[in-house]
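A.B. asks: Residue strings, one per chain:
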Amino acid sequence: MLFKVFIRSFFIQAGWNYERFQSLGFAFSLMPALRKIYPDPERLKAAVLRHLDIFNTQPYMASFILGNIARMEERASASADPAAELKSMPGVKQALASSFASIGDRVFWGRLKPMTVQLCLLVWTLGGFYGWLFTGQPGRPSTALLLAGPLSGIVLYSAAAVYCRWRGLARGYACGGASSCGLDFIDWGKLIKRLSAAGFGMSMAIALFAFGLLAASGSCPGRVVLLKVAVAASVLALHRVTRAYGRSVFFAAGIVFAVSLVLFSVFELRPLTLYL
Amino acid sequence: MTTVLRTILSSAFTGLLGLDSVQAGQFLLSRPAFVGTLLGWLNGCALEGARIGILLELLYVDFIPVGGVVPPNGAAAAAAGVLAHAAGGLAPSLAFFIGLAAGRAYAPLEMRLRAARSSWSRRVEEQVRAGDLNLSRWLSSAMLAESSALAAYSLLCAAAAAALAAVPGVGLLYPGTDFAYSLMPWLGISGLYFRFRTQAYKKG
Numbered sequence: 001m002l003f004k005v006f007i008r009s010f011f012i013q014a015g016w017n018y019e020r021f022q023s024l025g026f027a028f029s030l031m032p033a034l035r036k037i038y039p040d041p042e043r044l045k046a047a048v049l050r051h052l053d054i055f056n057t058q059p060y061m062a063s064f065i066l067g068n069i070a071r072m073e074e075r076a077s078a079s080a081d082p083a084a085e086l087k088s089m090p091g092v093k094q095a096l097a098s099s100f101a102s103i104g105d106r107v108f109w110g111r112l113k114p115m116t117v118q119l120c121l122l123v124w125t126l127g128g129f130y131g132w133l134f135t136g137q138p139g140r141p142s143t144a145l146l147l148a149g150p151l152s153g154i155v156l157y158s159a160a161a162v163y164c165r166w167r168g169l170a171r172g173y174a175c176g177g178a179s180s181c182g183l184d185f186i187d188w189g190k191l192i193k194r195l196s197a198a199g200f201g202m203s204m205a206i207a208l209f210a211f212g213l214l215a216a217s218g219s220c221p222g223r224v225v226l227l228k229v230a231v232a233a234s235v236l237a238l239h240r241v242t243r244a245y246g247r248s249v250f251f252a253a254g255i256v257f258a259v260s261l262v263l264f265s266v267f268e269l270r271p272l273t274l275y276l
Numbered sequence: 001m002t003t004v005l006r007t008i009l010s011s012a013f014t015g016l017l018g019l020d021s022v023q024a025g026q027f028l029l030s031r032p033a034f035v036g037t038l039l040g041w042l043n044g045c046a047l048e049g050a051r052i053g054i055l056l057e058l059l060y061v062d063f064i065p066v067g068g069v070v071p072p073n074g075a076a077a078a079a080a081g082v083l084a085h086a087a088g089g090l091a092p093s094l095a096f097f098i099g100l101a102a103g104r105a106y107a108p109l110e111m112r113l114r115a116a117r118s119s120w121s122r123r124v125e126e127q128v129r130a131g132d133l134n135l136s137r138w139l140s141s142a143m144l145a146e147s148s149a150l151a152a153y154s155l156l157c158a159a160a161a162a163a164l165a166a167v168p169g170v171g172l173l174y175p176g177t178d179f180a181y182s183l184m185p186w187l188g189i190s191g192l193y194f195r196f197r198t199q200a201y202k203k204g
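Note that the protein sequences, when read in sequence, are chains A and B.
Position 103 (the first sequence) corresponds to 103 in the working numbering; numbering is contiguous.
Position 162 (the second sequence) corresponds to 162 in the working numbering; numbering is contiguous.
Looking at chain B on its own, in the form it has when it is part of the complex (with noise of 0.2 Å):
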């Protein structure tokens, strides 16, 4: 399979994982170490996959998504970084922080989803007015939509890395990017005992 192909799918794949995230599910697995895994997997480089994955995941523990706020999407991070690295061809860790940033960045995409959607409750009102109770078209329409922004966003990460990749003296980030890449796991560890810290200090 070519690395364009094996790119299509996996951005694909992520759209289709990302729905668990809010829209579909929720058994997690939408969070990165697992997309991550899963990608590098079907993109051959299962281990950095995994690692890219895991890092992401514990820096996302630092968001809960509660009251309607949207954290950093662990779907399209993930996805950012995996094709960054397998089809982008940049280090992996360059292609964590694209990763990192691409999450962050999908963010207010997701809420102008969200928000597109507030025009539905009138209309939808309108239709059962009518007599028409089928609710599930714009659930099914809700979903596509989310599913192809977020595969369309994971495709295009992809191609900007390959840009960026074929850039000349791309390398000489390398050296900067290794060690910031080597010092994730303790952000990462901290950030884990700082969200069971302040839990295990505070009464009920």
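Isolated chain A, as found in the complex (with noise of 0.2 Å):
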């Protein structure tokens, strides 16, 4: 029965909307443990309709509540008075799911995603490649090391969200009907914590290798070499100012890209160019 619910738990979003958001997902996955708890039509019915309302948290960790909510409706189908048994759950769902997308959030979408394009940055530079950061770079890389780059990060990632959805549903179920059940799986903080300095520190040492890469580039004359370093720090700084005033990268993207057409196309000035 959990694994049919681990199954379909990999659709929970198919059906995502505005209005009830991942309530069909919800209902979808738990309903290998609905048929399974309610042998009879009409109160599967019922149980069915109970988890069509809103409900919405991050993927991954909607296992934990997948699991919670089908010990719950386990107990309440055994129980003489399943009302009563029903009664907390809606709050347990709402509860575990504002915590676990908070979680979720931070974890997967804020820190590990953002580090497998740092793992494919490190795969791709063992295997001598850096031509995503020299447009002009001499030499083929082969296919096999530019996809070894991105498949990389996704095996990683996967294998721990995949871990976090079987481990969720089978401790959900293990310790159903508590509104924190699972927030204690693992110490949150403590992983929040150790990933933002792990992704801070790798990301620090592309910058400074990125930066160390372009400064020994060529055999350029050292007012060149620096000129190339200006242009590329005054990057960072023209997306430290767009941040600062609530911009996304687009807008400086867009200004690099509306100013360098008014300079190189427009005044047909001859460019820079910052690659070996």
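Keep in mind the hints are simulated off the structure, nothing from the lab.
All of these numbers come straight from a predicted model, not from anything done at the bench.
There's no promise every hint is true.
To spell it out: a stretch of chain B is covered by chain A in this simulated footprint if at least three of its residues, at any positions, have a beta carbon under 8 Å from a beta carbon of chain A; those stretches are [to be verified]:
1. 23–34
2. 133–139
3. 172–179
4. 185–198
Just so you know, even glycine gets a beta-carbon here, dropped at the ideal spot from N, CA and C.
Using the hints, build the complex out of the two chains.
C.D. replies: The following block contains the structure:
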């Protein structure tokens, strides 16, 4: 039963909409459990309708709630007074959805996902490919190396996500009914801090490495190298300023694009090449 | 295989991979770094595909899909960028900026598709009340619509890029777009730095 719920949980966002968010996917994921718990069609129908109500959380963390609710439904089904058992269910569901959304967004979307980009760059660097940074780099890296970069991130990230989905379901089912169920699964606060520190360290290393490569590129005179580093640094400064004004990276990219077009396409200045 | 057939297949493939971003799995198969490299490889330009993909990915690090927010679509961006180069015949630098804009422009369409499903809630309830508990057809319909929309959008972007490439004098843009393109890694590095800097200095 739990395995079927686990497989279906990969589609929890398939019917996402602005009225009830993940409710359709939640009811769909829980269906194998509900079918087993309620052999009576009328009770099954009532249970499905209960779970078509508003629900939204981080998709990987939804497993904790699915397991928890499956256990609560099981208890309600076996109880002499199901209404009393079900009374606390919406509150538990809502409390867990908010808490796990906050944790999941920070861990997966905010940290692990950007870290897969860093991992991709690391794999490419170890393979000797810096072409993402220097568009004129000679030599052609193998397709296997190019694919290995993003795939390494996908494999590691997905392993963490699938682990969280499966263990979360089992954990939720084990401690079902509690509105803090699964929140102590691991020390989320410590994990978030460690991921932030690791990500920041990697970002710094990538930035320093990129500037180092730029400074060491070609056999240019010192002042040309200095100019190249200054242009690159000014892009970082531009992004910092646009962020300070609440603008997205598109705004900064738009400025770079427009200024470059005016200088080098309209006024036909000789462009400074930043690459090798 | 002809360019047209390859473009159609690439668009269809993008539609399938795009499902991964929200609707099915979330294994990051729809991330621009992967979609760009894969489509580049399928279209005989793996290096440019990888470069366009990773640069889009670095810029998209700025956006997080929290609380129902619809971020720019990375799969649409990578597909539009790579196909604008491979099928449209534009320089990678211009193709990249077309991809960047295409990913951003796809977000409102994605919002409309989600909004269109809002009316489903009551219809699903009515169906369940009538005793039909088959919810999978609603989810299949949603996935089919999203996948088809993304595939059609990618194809349209490729066609628009091919039309742009036929415009006389488009080559005059290249010195400007080449320079702007060479600065994008630095903007991406900056995005990566600020994403983690803010978090590292945050409590909790």
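A.B. asks: Give a verdict on every hint.
C.D. replies: Against the structure, the hints come out as follows:
1. For the segment 23–34 of chain B, the proposed coverage by chain A is satisfied: 10 residues have a C-beta within less than 8 Å of a C-beta in that chain, meeting the threshold of three.
2. Counting residues of the segment 133–139 of chain B whose CB lies closer than 8 Å to any CB of chain A gives 5, so the stated coverage by that chain holds, three being the minimum.
3. Given as covered by chain A, the segment 172–179 of chain B passes the check, having 8 residues with a CB less than 8 Å from a CB of that chain where 3 are the minimum.
4. Given as covered by chain A, the segment 185–198 of chain B passes the check, having 12 residues with a CB less than 8 Å from a CB of that chain where 3 are the minimum.
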